[in-house]
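Listed here are the chains, written in short residue letters.
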Amino acid sequence: MQTQEQEIIIYRARRILTMNASNPVAEYVAVRGDRVLGAGNLEELSGWGDFKLDDRFADKILAPGFVEGHSHTMEGALWSYVYCGFYDRTDPDGKVWPGLKSGEEILARLAARDRELQNEHAPISGWALDPIQYGGKSFCRADFDTVSGERPLGVLHASGHLMNVNTKALEMAGLLRLGINHSRVPLGDDGLPTGELKGPDAMMLVNNHVGFDRALLACDEQGLWQFARLCVRTGTTTATDLANPLPPESVDSMLRVTGERDFPTRIVSAKRFAAMKPADVVDSARQLRKQSSNQLRLGTVKVVLDGSMQGFTARLRQPGYFNGAPNGLWYVSPEQLQELYELALLHDVQVHIHNNGDEATDLALDMMERALRKHPHPDHRFTLQHTQMADAAQYRRMKKLGFCANVFANHHYFWGDQHLLKTVGPERAKRMNGCRTALREGVPLAIHSDAPVTQLGPLFTAWCAANRQTKSGKTIGADERISVAEALYAITLGASYTLKMDGEIGSIEIGKRADMAVLDDDPFEARPEDLKDVGVWGVVQGGRVFSAETI
Amino acid sequence: MSGDALNTQPTMPVTVVGGYLGAGKTTLVNHLLRQANGLRLAILVNDFGDLPIDADLIENQDENVISISGGCVCCSFGSDLIGALIDLRNLEPRPDHLLIEASGVALPGAIAESVSLLQDFKMDSIVVLADAETVQQRSREKYFSDTINRQLTSADLIVLNKCDLPGRDDLSKTETWLRNDFPNAACLCTQRAELPLCLLTEKDVLGSVIETRINARTTPFSYHPGYVTSVLEFPKGRDPNAIAAVLAHEDSGLLRAKGHIEGADGEIYTVQTVGRRSEVRRSPVGVGSVGRVVLIAPDWHVAPAELADALGGRVHIR
Numbered sequence: 087m088q089t090q091e092q093e094i095i096i097y098r099a100r101r102i103l104t105m106n107a108s109n110p111v112a113e114y115v116a117v118r119g120d121r122v123l124g125a126g127n128l129e130e131l132s133g134w135g136d137f138k139l140d141d142r143f144a145d146k147i148l149a150p151g152f153v154e155g156h157s158h159t160m161e162g163a164l165w166s167y168v169y170c171g172f173y174d175r176t177d178p179d180g181k182v183w184p185g186l187k188s189g190e191e192i193l194a195r196l197a198a199r200d201r202e203l204q205n206e207h208a209p210i211s212g213w214a215l216d217p218i219q220y221g222g223k224s225f226c227r228a229d230f231d232t233v234s235g236e237r238p239l240g241v242l243h244a245s246g247h248l249m250n251v252n253t254k255a256l257e258m259a260g261l262l263r264l265g266i267n268h269s270r271v272p273l274g275d276d277g278l279p280t281g282e283l284k285g286p287d288a289m290m291l292v293n294n295h296v297g298f299d300r301a302l303l304a305c306d307e308q309g310l311w312q313f314a315r316l317c318v319r320t321g322t323t324t325a326t327d328l329a330n331p332l333p334p335e336s337v338d339s340m341l342r343v344t345g346e347r348d349f350p351t352r353i354v355s356a357k358r359f360a361a362m363k364p365a366d367v368v369d370s371a372r373q374l375r376k377q378s379s380n381q382l383r384l385g386t387v388k389v390v391l392d393g394s395m396q397g398f399t400a401r402l403r404q405p406g407y408f409n410g411a412p413n414g415l416w417y418v419s420p421e422q423l424q425e426l427y428e429l430a431l432l433h434d435v436q437v438h439i440h441n442n443g444d445e446a447t448d449l450a451l452d453m454m455e456r457a458l459r460k461h462p463h464p465d466h467r468f469t470l471q472h473t474q475m476a477d478a479a480q481y482r483r484m485k486k487l488g489f490c491a492n493v494f495a496n497h498h499y500f501w502g503d504q505h506l507l508k509t510v511g512p513e514r515a516k517r518m519n520g521c522r523t524a525l526r527e528g529v530p531l532a533i534h535s536d537a538p539v540t541q542l543g544p545l546f547t548a549w550c551a552a553n554r555q556t557k558s559g560k561t562i563g564a565d566e567r568i569s570v571a572e573a574l575y576a577i578t579l580g581a582s583y584t585l586k587m588d589g590e591i592g593s594i595e596i597g598k599r600a601d602m603a604v605l606d607d608d609p610f611e612a613r614p615e616d617l618k619d620v621g622v623w624g625v626v627q628g629g630r631v632f633s634a635e636t637i
Numbered sequence: 016m017s018g019d020a021l022n023t024q025p026t027m028p029v030t031v032v033g034g035y036l037g038a039g040k041t042t043l044v045n046h047l048l049r050q051a052n053g054l055r056l057a058i059l060v061n062d063f064g065d066l067p068i069d070a071d072l073i074e075n076q077d078e079n080v081i082s083i084s085g086g087c088v089c090c091s092f093g094s095d096l097i098g099a100l101i102d103l104r105n106l107e108p109r110p111d112h113l114l115i116e117a118s119g120v121a122l123p124g125a126i127a128e129s130v131s132l133l134q135d136f137k138m139d140s141i142v143v144l145a146d147a148e149t150v151q152q153r154s155r156e157k158y159f160s161d162t163i164n165r166q167l168t169s170a171d172l173i174v175l176n177k178c179d180l181p182g183r184d185d186l187s188k189t190e191t192w193l194r195n196d197f198p199n200a201a202c203l204c205t206q207r208a209e210l211p212l213c214l215l216t217e218k219d220v221l222g223s224v225i226e227t228r229i230n231a232r233t234t235p236f237s238y239h240p241g242y243v244t245s246v247l248e249f250p251k252g253r254d255p256n257a258i259a260a261v262l263a264h265e266d267s268g269l270l271r272a273k274g275h276i277e278g279a280d281g282e283i284y285t286v287q288t289v290g291r292r293s294e295v296r297r298s299p300v301g302v303g304s305v306g307r308v309v310l311i312a313p314d315w316h317v318a319p320a321e322l323a324d325a326l327g328g329r330v331h332i333r
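Sequences listed follow chains A and B, in order.
Position one of the first sequence corresponds to residue 87 (my numbering), numbered consecutively onward.
Position one of the second sequence corresponds to residue 16 (my numbering), numbered consecutively onward.
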C-alpha cells in the first residue's frame with residue numbers, strides 16, 4: 087500500500103523507543119503509507135523529501151506496537167455477556183467493570199441484566215466466574231434461581247472449562263433428572279445435578295440454551311471488532327487467534343472484517359489440529375497460507391497435547407500433582423504428533439504446540455528430535471505455547487531443537503496461590519513459567535495472556551513476568567523474574583519472532599510496518615511494579631492512528 | 016429442539032469401543048457391521064481421517080455421514096460427541112444400537128459418562144481392545160502407560176486381539192496379567208477382532224440366539240466357533256438381583272447373559288450382564304421368553320448345570 091506519491095508524515099514524540107538495537111531512541115518517526123520510513127531526528131528524516139509534521143504525540147512515548155502471541159479473538163464476543171469476574175476488567179468501550187467481591191454482588195449484576203432484557207425468554211449469560219475467590223463457596227442452581235426462574239441462565243467460569251447454570255437451564259437441557267452418573271456433574275442430596283457443570287460435554291448440552299453458541303463465539307464479526315478495540319486500548323497492534331477450526335465461511339468473514347478500512351489490528355489465526363489426519367491439517371494450512379492478507383495471517387497449525395494446570399488435566403511428570411490428583415489427559419498420541427511434525431517440517435508449515443505440564447513438554451521435545459532427524463529444517467520456529475512447567479534441562483533441549491517458548495506469564499498472577507497449595511507445590515511453583523531460565527538457556531521468548539482465559543494487555547503480562555506476584559500479593563520464584571527491558575522485548579520483538587514476523591513488526595525501524603503503541607509514560611523508566619500502570623493512549627497500526635478514547 | 020421429557024422413544028443401547036492405536040477397533044467395527052443382518056447399527060467415530068468403514072460396505076458417503084447397506088450408518092463427531100448424539104437421536108429410521116469408536120488416546124470411561132448425560136441413550140458396555148503382542152509392554156512405556164491402564168480399567172470386556180502373533184507362553188503371560196490387574200473385566204482372545212455381534216448387542220442375544228437355537232435346534236453356536244452358549248430356565252419368584260449378581264461374578268466365567276425373569280412380586284424383570292457389569296430393570300410390556308436366560312462364554316468355566324442349580328433353575332438348552 088506504499089507508493090512514492092503517498093504523503094510522508096513525521097510524528098514528533100516525547101521519546102520513541104524503537105527496539106532497534108542500532109538506533110534505540112529517537113524523537114521523530116517518519117511514516118509513509120503503512121510503513122516506517124525511518125526514526126531519527128528531523129534533519130535525518132527530512133532527507134526523504136516533503137513531509138507533514140504531526141505534533142499530536144509530542145507529549146507521548148512511542149514504542150513498537152505490542153504483539154500478543156497467544157490469545158483468542160473470542161474475548162471480544164464474550165463482552166456481550168455479563169462480566170462476573172472477581173477483578174476489575176476493562177471492556178471494549180473502555181468501561182471498567184468493578185470486580186465482584188461476593189456472591190450477592192454477582193447475583194445482583196445478573197439480576198440487573200434480567201431487568202434489561204426485553205424478550206421474556208431470552209437467556210442470561212455471564213462469564214469469568216471464579217468461585218475459588220469466594221472462600222471455596224460452590225454456587226448451586228438455587229443461587230441463580232433467585233435471579234430468574236423463568237429464563238435459562240449460565241455463567242462460564244474464568245477458566246472457560248466450567249459453567250454454573252440455573253434450574254431452568256438444566257431442565258431445558260434434559261439434565262434435571264435422576265440417574266446421571268458423571269464425575270464432572272456433581273449431584274445434590276436430592277440426586278439431581280447441583281447446576282455446576284465441570285466438563286465440556288455437559289456444557290455442550292446447555293450452551294445453546296444459555297446463549298453460548300460456540301460457532302458464534304469462534305467467529306462473530308462484532309466479536310472480532312470488539313476484540314480489536316481491546317487491542318487498541320492495550321497498545322496491541324498484532325494479536326493471535328491461536329486455535330480456530332477455520333472453516334471456509336469463517337475465513338471469508340474474518341478476511342472481510344479485518345480488511346475493513348478502519349480495522350485496527352493484525353490478526354494471526356492458526357488452524358487447530360483436531361479430529362483430522364496430520365496430512366489434512368498440514369495441507370489445509372498450506373491452502374490457508376495463500377489466503378493470507380496484510381491484516382489476517384493464516385497458514386500455521388496449533389496442536390493441543392494436554393489440558394490445563396488449574397483443571398488438573400495437564401500431564402505432569404513424576405512426582406505428579408501436589409494434592410495427589412491423578413495425572414491429566416492426552417489429546418494426541420506420540421505417533422500423531424510425530425507425523426504432524428514431519429509433514430509440517432517437510433512443507434514448511436509452522437506449528438504452535440499447547441503444552442502445560444512437563445510431561446507434555448517432554449513429548450513435544452522427544453517427537454521433535456525424531457522428526458528433525460528425518461526432515462531437518464534450518465529455521466522452523468515451532469513454538470511451545472504455555473510450556474508452564476518446563477525445567478532448565480527442557481529449555482536446553484528447546485534451544486538445541488530450535489523451539490521458541492511462549493510462556494504463560496499471567497498464570498502466576500491469577501492461579502499462583504493455587505499452584506503453591508494444590509497443583510504443583512512450592513518448589514515447582516518457583517520454576518513455573520520460567521522466563522529467566524528460558525533467556526539464560528538462549529530460548530527465544532514470548533509471554534502471553536491467553537485471553538480470554540486472562541485479560542488481554544501486554545503491559546500487564548510484562549508486569550507479571552517482571553514481578554511474579556500472585557493475586558494475594560506473594561512473590562513466587564523471584565529468581566525467575568526478568569527485567570523491564572527483557573519483558574518489553576518479549577511483548578514486541580520476542581513475540582514477533584515466534585510468529586516469524588520479526589522482520590516486519592516488533593520494532594520501529596525503516597521498512598517495517600508502521601505499528602506503534604502510543605503511551606503516556608516511558609515503560610523503560612518504570613519501576614517493575616509500575617509497569618502495568620503505564621497509560622496507553624492508543625496505537626498507530628499500519629500507519630493509521632487509533633485512539634483508545636474514540637475507538 | 017424438543018425437551019427430552021417429551022421424548023417417549025425407547026433408549027438406544029450404546030457400546031463404547033476403546034483401545035490404543037492399532038489394537039483393532041476399526042477392524043472390529045467392520046466385522047460387526049458384516050454381521051448386522053437387519054440390526055440397524057449406528058457407528059460414531061472421531062473422524063473420517065482414515066476411512067473407518069470397508070469400501071464394499073459403503074452405500075453412500077458425504078462429509079460427515081457414511082451410509083452402509085442394511086440401514087446402518089457411520090458418522091464422525093470431531094470434537095463434539097454430544098452434538099453428534101443429539102443428531103443421532105433424531106435420525107430416521109432410528110438405529111437399534113450405537114457403537115462409539117473412541118480415539119486411541121481417549122478414555123472410554125469418560126465417553127460413557129458423556130453418554131449418561133443424554134436420557135435417550137443407555138450404556139450397554141465398554142469394550143477395550145488390546146494388541147496381544149504389545150499391550151503389556153505399552154502399558155509400561157513412557158507417556159501412555161497410565162492412559163492404557165485407565166482404558167483397560169474401564170472395560171467390561173477386554174478383547175485380547177491378534178492373539179495369533181505372540182508365542183503361546185507370552186500370550187498366556189499377557190492373559191494372566193490382564194485377569195489379575197483388571198478383575199472388573201471379562202477377557203477373551205481374538206485374532207482379527209472377530210467378535211460375535213451377540214456379545215455386544217442385547218437385542219441379538221435374545222432375538223437371534225434364542226430364536227435360532229430354539230427354532231432350528233442348532234448345536235453350539237454355529238456361526239462362531241470358540242464360544243459356547245446355553246439357556247437356563249427359572250421358575251417365577253426367583254430374585255432377579257441375586258441371579259444377576261451370580262452371573263456377573265468373576266467366578267461364573269461368563270461374557271454376557273440376558274433374559275427375563277418373573278419376580279416374587281409378579282413383575283417381569285430384564286436381567287442383563289456384560290462381564291462384571293449387571294443390570295436389572297423392569298421389562299417392557301409383552302416381552303417373550305419369560306423365565307429364560309441366555310449365557311455366552313468363551314468356554315464353560317462353571318458348567319451351566321451347576322450355575323442353574325446354584326440359582327434354583329435348570330438348563331433349558333445345553
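Everything labelled a hint here was simulated from the structure, so no lab data went into it.
Among the hints, erroneous ones may be present.
Claimed, not checked - With the Cβ distance kept under 8 Å, some of the chain A side facing chain B (calculated, not the full set): (1) Gln-204; (2) Gly-260; (3) Arg-263; (4) Ser-269.
To be verified - Using C-beta positions, here's what the derived DEER-type ranges look like: (5) Gly-278/B x Ala-228/A: 55 to 63 Å; (6) Pro-110/A x Arg-155/B: 34 to 42 Å; (7) Asp-366/A x Ala-257/B: 33 to 41 Å; (8) Glu-346/A x Asp-161/B: 31 to 39 Å; (9) Ser-336/A x Gly-301/B: 35 to 43 Å; (10) Asp-366/A x Ala-279/B: 41 to 49 Å; (11) Arg-456/A x Leu-106/B: 37 to 45 Å; (12) Lys-187/A x Val-300/B: 31 to 39 Å; (13) Asp-65/B x Glu-611/A: 22 to 30 Å; (14) Pro-272/A x Asp-161/B: 53 to 61 Å; (15) His-463/A x Arg-155/B: 55 to 63 Å; (16) Ser-558/A x Leu-106/B: 46 to 54 Å; (17) Leu-106/B x Ser-224/A: 47 to 55 Å.
This structure is a prediction, so every number in the text was calculated from the model and none was measured.
C-beta atoms are modelled at their ideal positions from N, C-alpha and C, and glycine is treated no differently.
Checked hints:
| no. | hint | in the structure |
| --- | --- | --- |
| 1 | Gln-204 | violated (23 Å) |
| 2 | Gly-260 | holds (3 Å) |
| 3 | Arg-263 | holds (6 Å) |
| 4 | Ser-269 | holds (6 Å) |
| 5 | Gly-278/B x Ala-228/A: 55 to 63 Å | violated (39 Å) |
| 6 | Pro-110/A x Arg-155/B: 34 to 42 Å | violated (55 Å) |
| 7 | Asp-366/A x Ala-257/B: 33 to 41 Å | violated (53 Å) |
| 8 | Glu-346/A x Asp-161/B: 31 to 39 Å | violated (49 Å) |
| 9 | Ser-336/A x Gly-301/B: 35 to 43 Å | violated (52 Å) |
| 10 | Asp-366/A x Ala-279/B: 41 to 49 Å | violated (60 Å) |
| 11 | Arg-456/A x Leu-106/B: 37 to 45 Å | holds (43 Å) |
| 12 | Lys-187/A x Val-300/B: 31 to 39 Å | violated (58 Å) |
| 13 | Asp-65/B x Glu-611/A: 22 to 30 Å | violated (58 Å) |
| 14 | Pro-272/A x Asp-161/B: 53 to 61 Å | violated (24 Å) |
| 15 | His-463/A x Arg-155/B: 55 to 63 Å | violated (33 Å) |
| 16 | Ser-558/A x Leu-106/B: 46 to 54 Å | holds (53 Å) |
| 17 | Leu-106/B x Ser-224/A: 47 to 55 Å | violated (38 Å) |
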